[in-house]
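Trainee: For reference, the chains in residue letters:
Number of protein chains: 4
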Amino acid sequence: MRIVAGMGVAVGVVGGSGYAAGELLRLLGGHPGLVVRVVAGRGSAGRRVADAFGHLDADGVVVPAEPDALDGCDLVFLATPDEASLSLAPTLVARGQRVVDLSGAFRLPAETFADISGGAHPAPDLTPGTYGLPELFRDGIAGAPLVANPGCYPTAALLALAPLAGLVAPGSVHVAGLSGTSGAGKGLRDDLHASHAAGNAAVYGAPGHRHTPEIEAAWARLTGAFAPVTFVPHLLPMARGLLCTITADLHDGVGNGDVREGVERAYAGEPFVRVLPDGVWPQTAYVRGGNAAHVGMATDARTRRVTVACAIDNLCKGAAGQAVQNANLLCGLPETSGLSAAAVYP
Amino acid sequence: MRIVAGMGVAVGVVGGSGYAAGELLRLLGGHPGLVVRVVAGRGSAGRRVADAFGHLDADGVVVPAEPDALDGCDLVFLATPDEASLSLAPTLVARGQRVVDLSGAFRLPAETFADISGGAHPAPDLTPGTYGLPELFRDGIAGAPLVANPGCYPTAALLALAPLAGLVAPGSVHVAGLSGTSGAGKGLRDDLHASHAAGNAAVYGAPGHRHTPEIEAAWARLTGAFAPVTFVPHLLPMARGLLCTITADLHDGVGNGDVREGVERAYAGEPFVRVLPDGVWPQTAYVRGGNAAHVGMATDARTRRVTVACAIDNLCKGAAGQAVQNANLLCGLPETSGLSAAAVYP
Amino acid sequence: MRIVAGMGVAVGVVGGSGYAAGELLRLLGGHPGLVVRVVAGRGSAGRRVADAFGHLDADGVVVPAEPDALDGCDLVFLATPDEASLSLAPTLVARGQRVVDLSGAFRLPAETFADISGGAHPAPDLTPGTYGLPELFRDGIAGAPLVANPGCYPTAALLALAPLAGLVAPGSVHVAGLSGTSGAGKGLRDDLHASHAAGNAAVYGAPGHRHTPEIEAAWARLTGAFAPVTFVPHLLPMARGLLCTITADLHDGVGNGDVREGVERAYAGEPFVRVLPDGVWPQTAYVRGGNAAHVGMATDARTRRVTVACAIDNLCKGAAGQAVQNANLLCGLPETSGLSAAAVYP
Amino acid sequence: MRIVAGMGVAVGVVGGSGYAAGELLRLLGGHPGLVVRVVAGRGSAGRRVADAFGHLDADGVVVPAEPDALDGCDLVFLATPDEASLSLAPTLVARGQRVVDLSGAFRLPAETFADISGGAHPAPDLTPGTYGLPELFRDGIAGAPLVANPGCYPTAALLALAPLAGLVAPGSVHVAGLSGTSGAGKGLRDDLHASHAAGNAAVYGAPGHRHTPEIEAAWARLTGAFAPVTFVPHLLPMARGLLCTITADLHDGVGNGDVREGVERAYAGEPFVRVLPDGVWPQTAYVRGGNAAHVGMATDARTRRVTVACAIDNLCKGAAGQAVQNANLLCGLPETSGLSAAAVYP
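So the sequence lines, in the order shown, correspond to chains A, B, C and D.
Counting from 1, position 74 in the first sequence corresponds to residue 74 in our numbering; the numbering is continuous, with no gaps.
Counting from 1, position 237 in the second sequence corresponds to residue 237 in our numbering; the numbering is continuous, with no gaps.
Counting from 1, position 233 in the third sequence corresponds to residue 233 in our numbering; the numbering is continuous, with no gaps.
Counting from 1, position 3 in the fourth sequence corresponds to residue 3 in our numbering; the numbering is continuous, with no gaps.
Note that these hints are calculated values from the structure, not bench results.
Treat the hints with care, since some could be wrong.
[Said to hold, decoys possible] Taking lysine to aspartate or glutamate pairs in the EDC-like style, the calculated list, with each CA pair at most 20 Å apart, reads:
no.	chain 1	residue 1	chain 2	residue 2
1	D	LYS186	B	ASP191
2	D	LYS186	B	ASP258
3	B	LYS186	D	ASP190
[To be verified] Interface residues of chain D toward chain B, partial, derived using beta-carbon atoms under 10 Å:
no.	residue
4	PRO145
5	SER182
6	GLY185
7	ALA198
8	ARG260
9	GLY262
10	ARG265
Each residue gets a CB set at the ideal place from its N, CA and C atoms; glycine is no exception.
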């Protein structure tokens, strides 16, 4: 897709016919300041964009995912697997193009990446990329050559967890993650077959899910010291939506009011975080298709524990929406540009 | 909700906390030319808008659904039951306010309405309202005092059926309608309980569904003579999405090329109708949350019958999206204003 | 799986780890007269049965799908693709083993099969197999060497249609078929990915779906003369359940009472067909996991048409349940043996 | 429903048209030793059983839920709200009829019940009833006048938790509960409307869900001392199925092998518990409609924590299936009578 740029920043979207790429194109289609100039992919190269993405009424053809194809782009979204991002990002950065990478390739220090993936990181100088969770780490994003867009689970987990720094024992954090199937991508797998997944809830990936070190790295940044986090992901029978529920031990003397005050202070003025009133818990139905995160909380005087939960749309705030938010920061645009649409309910 | 109007037409949305009202507010939130000045409802009056509609991040309070509350509005959307529309619309029209009515109150001649509802129509002079299906009957909408927004099934059925006028025997039309549960509204019913509806497909309402005369009235307008239509609605286990499949007897000599040519001619230049290529059938997943209608077709030389199917989002093109499309025509705005967002997939 | 036979007929189930094979094993696990001696498959050969079928708590190992592996079986269920059935059935029949074939390989005359599949039938002498829809064609099943178990759509369509023979114009029949995704089998496909299929309703396969000639062949047998039938299948967002809705032109003078009387007479005493009262339509939720077919009907004096709908569980009455019913007839067991369990609701 | 008893224990089912009552009738319909003599309800009294429960093909009429109506029953299942159980059970017990109560009325000591419900328990002598979780507390069930059938969440949570007694710090237990909507009963509520619940995951009820003290009471019995438990329930978009995931701190020196050995020892010979191999986690799809509990586990050397998860069908092992299991014990029947059917997959 080569669009004659009007005004606006020329961007490229690399990601075949994947869900995150499709979501990026959906959001960018209504963006006032970012103009899609190239859509690139591997398996889908050569297909019409409107055929690769049945929900888009777009012109143009998907081009091969190679750096030269992205020449005219000031900013490139990589909605690609780790390997593709590892291969493309260094070239793009070297050429001075801004990169928002949605993969896990640049979120962690090179050594941690190597531990997880079992191989040395090919571009350690670019690690860790600037972690693009604006509500927690806004400083530094605007000037970053490469923004590592957070994982879907870490986004929700950290938005729930961050205000608890200082209020809970750092090593006492348990995270239950619940995700719709689109979080697992578009690849065909037996457990993602519609007949199996319909009406099925399942644990998976515990205890070594790759999002655990990502959560821990940010949690350490927030508290000032490393502490391990227990994270158990679950797959739910729905296409979109993600919920993380945190339970943790309150420090002595910390009560319900302290928690609420901490959460409200943390997100005062944040356009994408809604803090729910007492007695109201987040529901993914209210954030479907939008960039909002809903956060609810309660403390339990009996157990001296706190429960904080956060619901997001895994493809939007948990992927493409947050990527656009980061791009807005990179380009000096209003942070909400192209992201103010309400959720689709029901 | 009383918003200090900037530039733009001041509109009111009446519809409590219903799905169509919520969808109108979602769409209008991103509309460049229509400004919501009042949100009114019956049961939800006095609630904050953001509480009545959990997916909206809106200010303001729902006011009672009375004409005086709508004083400052140039145009009013009535996303209300028949009775409320019958009560409100005449006053609004008399005051010179434009009305887009999403109920069934003004879609048919007063006598037909009386036959269906079992009571005389209280405002026969306003019947039939201008039928707001722009792709078929665009003329006259711009100047109408009251636009009767079509039903969800009739929208999809007629978009599939209209190009067949002249090609099929008018009385040979069978329509299978398939709808998600949101088409039945927000009221609580045993058959709409989540535990029952999950994984359930059911016939209902045949053969006397109230959308049948609405389809027949428009079909008569398209063919020039009345012919009865057979319509069987089905309830599906999904929140949104509607599909109508037409089968009908081809006139002698009419072949596949004629049908395709007819459909493509009918919708050439229409921004909201996508005509699918041979071998591709509509899927509701590709129109979720968007205002598009996807139309696919095939003929069967063996049976001398044609199959044409149309998928829409019942709350968008089948209700609120089409209402905004009509409002755009009424206000002299570009017809696609506020409606160009892509569908949400998956 | 080689089970030391107690009393009972030794049966084999061929079908890898497919849904129909899994459903057969579920039903046979509670059958008082049929004992599973062999479970055979192609891709799953060598796996433990309990691994190939996670819902079964079964001993034994899947053996290769070859005739010799089935030696000790008096009766063999082939829950296999056409090609496998074409390859296995002739040998089994020649050896005197009874066969219930769930594929489409033997349902039609060899010439019709050749038309559909584009190649000559390799075992024309066995075609058409005895069509195993007991409620309509019970005679002859008990003595058949090979029973061709009907397709899922034809089962529901014909149970709705059969009582209309003599009451409607044979060539005026329109069938809307709605099926859950398990009807498409366990193979991985983009349109069966959970993220795509969730909340999606789609037309597919019209007008040349292979179940059309199967419906027509039985309809011709019921009416005495061939007449084409229009059949449009739809894929629904649910794992199990199938609904067929028939609309057709009533003969002059035929009224609602005649239709009801015809349906009730047709199914009087049938243990698996429930005729619903006026105003009640079938819902797949009430037949999930059971062998029942629910039939509802209405006539429309205005259009002179009738609507009859039938809901079944596509894997049970539409496949494995009906296969067991046929096996019961073949073995001289009570027709309801192993099939009396109620549906699983909700 | 008054059935002429053949051989077998005469039982009554009280529960209107509720889901648990419907599931009891489904299971009892295939039970070789328990014969349903009375079906009683409040709102559904006077309706035909087959109308109140559309999935059952049953004769008879629902009678009023009064003790005299249950005269001929040796055993009565109360699938009723607390108040109805509190009203009926004392009379039935006094008459010498055995009672399996599915409500929460008799699961806890009277004082704990009073704390939760805000009012004195009217029949403290019957509290706590014999807690009917046979795999953990089989002794004493056979001779009990009243068995308190466990809640759905406690069943899954305790089956996962029990083998950890002695292996983990008792006060370190976090339970994430995930349930399908049928766990919330058949009552109509906004958040159980199909259009809302489809595709929605939500936290609810934390931190004071009434199942928490029930889990704690049994956990205290297993460990020998009270320790509080953190429990967060979640509502999922599916009708049936329940998953509880436990995370807890391992005692020093306890490793993966100890946990696996503990779980396998705990459930050796248990017909309804399947211990999954390493790397396999429970999925509700494999227990739908069956009485099985699937348990999977892993330890994390890094965090020194263990994860154990258990999946059940909330209406079967989590309610009616377990009630039948308890009734089998009460009546001296094989514990698996009427409960050996495989799960319905997919």
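Trainee: Confirm or reject each hint.
Mentor: These are the hints, each one checked on the structure:
| no. | hint | in the structure |
| --- | --- | --- |
| 1 | LYS186(D) <-> ASP191(B) | holds, 11 Å |
| 2 | LYS186(D) <-> ASP258(B) | violated, 52 Å |
| 3 | LYS186(B) <-> ASP190(D) | holds, 8 Å |
| 4 | PRO145 | violated, 33 Å |
| 5 | SER182 | holds, 4 Å |
| 6 | GLY185 | holds, 9 Å |
| 7 | ALA198 | holds, 4 Å |
| 8 | ARG260 | violated, 35 Å |
| 9 | GLY262 | violated, 36 Å |
| 10 | ARG265 | violated, 37 Å |
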